[in-house]
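Novice: Listed below, chain by chain, are the residues.
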Amino acid sequence: MSALIPYIDEPHPVTGVTNAKLGIWLFLASEVMLFGALFSTLIIMRSSATDWPAHGSDVLNVPLATLNTVFLIASSVTIVLSWAALKMKDLKKFKLNMGLTILLSFGFLVIKYIEYSSKFHHEHFPSTSTFYAVYFTLTGLHGLHVVGGIIANSYLLGPGSKMWFTEPERFTGRIECAGLYWHFVDLVWIFLFPALYLL
Amino acid sequence: MSNDTHNHSHSHSHGGAHALPFWRKYIFSTDHKTIGLQYGITAIFFLLFGFGLMLLMRWQLAYPKQAIPLIGKLFTEDGVLSPELYNQFGAMHGTIMVFLGVVPLAVGAFGNYLVPLQVGAQDMAFPKLNMLSYWAYFCGGVVMLGSFFSPNGAAASGWTSYPPLAVVADNGQSLWLIGMVFLITSSLLGSVNTIVTAIQLRVKGLSFMRWPIFVWAQVTTAFLLLLAFPPLEAAGVLQLMDRIAGTSFFLPSGLVVSGEALKVSGGGNPILWQHLFWFLAHPEVYVLILPAVGIVGEIIAVNTKKPLYGYKTLVYSLVFLGFMSFIVWAHHMFMTGMGVTMSTFFQATTMIISVPSVIILTTYLLTLWGASITYTVPMLFATAFLPMFAIGGLTGLPLGLTASDIHLHDTYYVIGHFHYVVAPGTLFALMAGVYFWYPKITGRFMSDTLGKIHFWLSVIAINGVFMPMFFMGMAGVSRRLYDQTIYAHGAAAQPLNVIMSVSAWILAVAQLPFLYNMATSWKTGKKVDSNNPWGGTTLEWAASSPPPHENFPTPVEVYRAPYEYSPNKKLLPQFVQEA
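Heads up: the protein sequence lines correspond to chains A and B, in order.
The numbering used here puts the first sequence at residues 4 to 202.
The numbering used here puts the second sequence at residues 456 to 1034.
If you are wondering where the hints come from, they were derived from the structure by calculation, not from laboratory data.
Honestly, I wouldn't trust all of these hints.
As the list claims (entries may be wrong) - Straight-line Cα separation of at most 30 Å, DSBU-like style, residue types lysine-lysine; simulated pairs:
id	chain 1	residue 1	chain 2	residue 2
1	B	K480	B	K1025
2	B	K480	A	K24
3	B	K907	B	K480
4	B	K583	A	K98
5	A	K115	B	K718
Said to hold, decoys possible - Cβ-to-Cβ under 7 Å is the rule here; a few derived chain B residues that face chain A:
id	residue
6	V651
7	P725
8	L727
9	L731
10	T940
11	A943
12	H944
13	A946
What the hints assert, rightly or not - On the chain B side, residues computed to face chain A include the following (Cβ under 10 Å):
id	residue
14	L643
15	T652
16	Q655
17	G660
18	S703
19	Y764
20	T768
21	R934
All C-beta atoms, glycine included, are put in the ideal place defined by N, C-alpha and C.
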C-alpha cells in the first residue's frame, strides 16, 4: 500500500525532485556504468585487434544507420512534445506524440532487422571476427533497451494513461521519467553510431 | 480491500493490510518488513548451504581421498569427494556465500527492515519494486541451486569465473552467468530503492548529519552496488556471448584445449574479464563490510550509552572508503604481469584506502574507551568484530604491496585474510544484528544463555579455522589444491589442515544453539516490556515491537542527532522532544 508515501507527485522540498525522478536518475547512472564497461571493451578490443576494418563504413551500412539516427533523434523530440502536451493538459496531443515516438522506435528496429539479416545473409556472425562480436553485442544490447522503451511507452500510451484522469501530476511525472530513459537510449546510439560506423 | 484498491494514493486508508489474503501478506508482500524477513530467511538458508559445501570440502582437505563418513555415498559411488565435485563446491561456496548469503542478509534483510524505520518512513519508496527485487534474488538462487542438477553439474571455474577456463567449461557456467544476471538485477533495484527511501522519505528534522550510522553505511553500500555491478553485468553478457554465440571477447588467438586448437576467431583478452570482474568485486568487498560497520556502530553506541566518538569523521570515512573502493581493483591482479606504473598506482590507492578503515576502527575503540560497557550478547559479537576485522584488514596490507603480494597471492594466506574480514568480521556483526533487533522484529528476546554458548564456541572455533591459514600460506601452500600432500611442503603443513577442519565442524555445531534460539524464541522468548528495550536513540525504537504495517501510526519527528546520551546515562532519543 503506497497510501502514505510522500513525494510521489510533488517534489521533495530539499532535493527538488520526486521519488520516481531520483530513482530514474540513479537507474540511468547504473546504465552509464553498464555501457561504459561495454565501450571500454570496444576500445580495448580495437586497440589490440590484429584485423579490424579500417573504417566501419567499409563493412557496415552508413546510410541506413544515418536514417536510424534521424529516427531516434526525432523520437526524442516527440517524447518531449508528449510530455509538454500533458503540461498543457492536452491528452489528445500527448497520445499523438507518444504514438509517433513508438512508431519511430519501431522504425529503428525494422532498419536494425534489415541490417542484421543482410549481415547474416553474407555469413557475418558474432563469431566471425572481433569486430562483428563487438558490433552485434553492443547494438544488440542497445536494441534490447529500445524494446524495453517501446514496452514502457506502449503501456503509458495504452492502459497506463488511465492514471491521467485520477492523478494527472503523477502521470506527467511518469512520462517525464520515460522520456529521461528514452533520451538515454538515444544518447547511447549517438555514441554507438560514430564508434562503430564512422571511425 | 476491494474498495481500497480503487481509491488512490491520496486516500488515507489504514485498514488495507489486515484484509490482505495470505499470499499477498506473506508471499508477494510489498511491506518492507515482510520482504526484509523473506530476504533474511532465504539468505540464512543459503549461508548454511554454502557453509555445508565447505564442511564437505574440509573433509577432503583434512583426510585426502578418504571416503566421507556416513553421507559420502550420496555424492559419489565410493564416498570420496571427486576432484570435479571439489571444484564445483569451491566455486559455488564462494558464489553462494557472497552473492546469495552475506549481501542479501546485510543489505536485503537488514537494509530493508531497518532503513525505512530509521528514517521514520512508512515503507520503502517503491514497495512493488522492492518485492520484485526479492523475487529476482529468489530466481537467481533457484538457478544457482538448480545448476547442481544440470548434466555436468554446477559451475566449477571458481567464484571469479576467469576465462579462458570459464569459457570452455561445462554448461554449469552458463547457468552461473544467468543466475548472476538475476542477482545483479535484484541488487540494482534494491539499491535504487534504498537510496531514494533514505533521501526522500526522511521525517521532519532528520537532516543528513542526523542519520544513524547504519543508514549512512547502507546508502554508501547502495551506491557501490548501483555503480559497480553493471560492469560485471556487461562482463557476464560478454562471457555468455563467448560461450553461446562463439565470440572471442576473452579468448586469445591460438588457444589449445585438450590437445586441439580451439576453432574461434580469437584476438580476445582474458585480462579484460579480470578488470571488469574486479571492478565489481573490489567494491563488493566493501558492500560486505560497510553494513557490518553500521550495525556494530549502532550496537556499540547503545551498549556504552555514549555518543559515537567522532560521528562526522566516521561519516566522512565511510563515504571516502566507498569512493576509494572504485580505484583499487587491480590489486587483485598484480600477478597478471601488469606494468610497474599501473601496479604502483594501485598499490598507492590500496594503502590510502586502509586509512579510512583504520579511522573507523579507531572511532569505535575510542567510543569504548572509558565506557561502562553492558556485555549483552549482541555487544559480545560487536566487540569481537573489532579485533577480527582488524586482523583481516592488517593482513591485507602485505597483499596490497606488490613485492610481498607476489609471494603470498596464490597461497592460503589470501583465503585467511579475506575470511577474517567476512566471516568473523561481517558475519559476527550480522549475528550481533540478529540478537540486537530480534526484540524489535518479534517483540521477544532471544535466550541469553544460548547466545553466550553460541558466541564463545563460535569465536574460538572460527579462529581455529582461519588463523592456521596464515601459517599455511607463508609455508607456500597453494590455495587451489585438491590434495596438498602430493608436495613435500604441503605434506609438512598437512596437520594444520586437520586443525582447520575440526574447527570448522565445531563451528558448524556452534551454530545449532543459534538456529534453535532463533526458531524457538519467536514463541517462547522473554517478552519486551517497552518499545525500547535496549535503550536506543534511533527511530526504530519509537515503533512498537513488532512495528505495525506502515510502521508509525502517529507521525514521528526528529529533534536531535543520534546517540545523544547525557553523562548520567539519561536517554535522549532522537524522537523525544524534551530533554
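Novice: Now tell me, hint by hint, if it's right for this structure.
Specialist: Outcome of the hint check:
no. : hint                  : in the structure
1   : K480(B) with K1025(B) : 39 Å, violated
2   : K480(B) with K24(A)   : 28 Å, holds
3   : K907(B) with K480(B)  : 35 Å, violated
4   : K583(B) with K98(A)   : 27 Å, holds
5   : K115(A) with K718(B)  : 29 Å, holds
6   : V651                  : 5 Å, holds
7   : P725                  : 12 Å, violated
8   : L727                  : 6 Å, holds
9   : L731                  : 6 Å, holds
10  : T940                  : 42 Å, violated
11  : A943                  : 41 Å, violated
12  : H944                  : 38 Å, violated
13  : A946                  : 43 Å, violated
14  : L643                  : 6 Å, holds
15  : T652                  : 8 Å, holds
16  : Q655                  : 5 Å, holds
17  : G660                  : 12 Å, violated
18  : S703                  : 6 Å, holds
19  : Y764                  : 28 Å, violated
20  : T768                  : 24 Å, violated
21  : R934                  : 28 Å, violated
Going down the numbered hints, you'll see the structure goes against 1, 3, 7, 10, 11, 12, 13, 17, 19, 20, 21, while the others check out.
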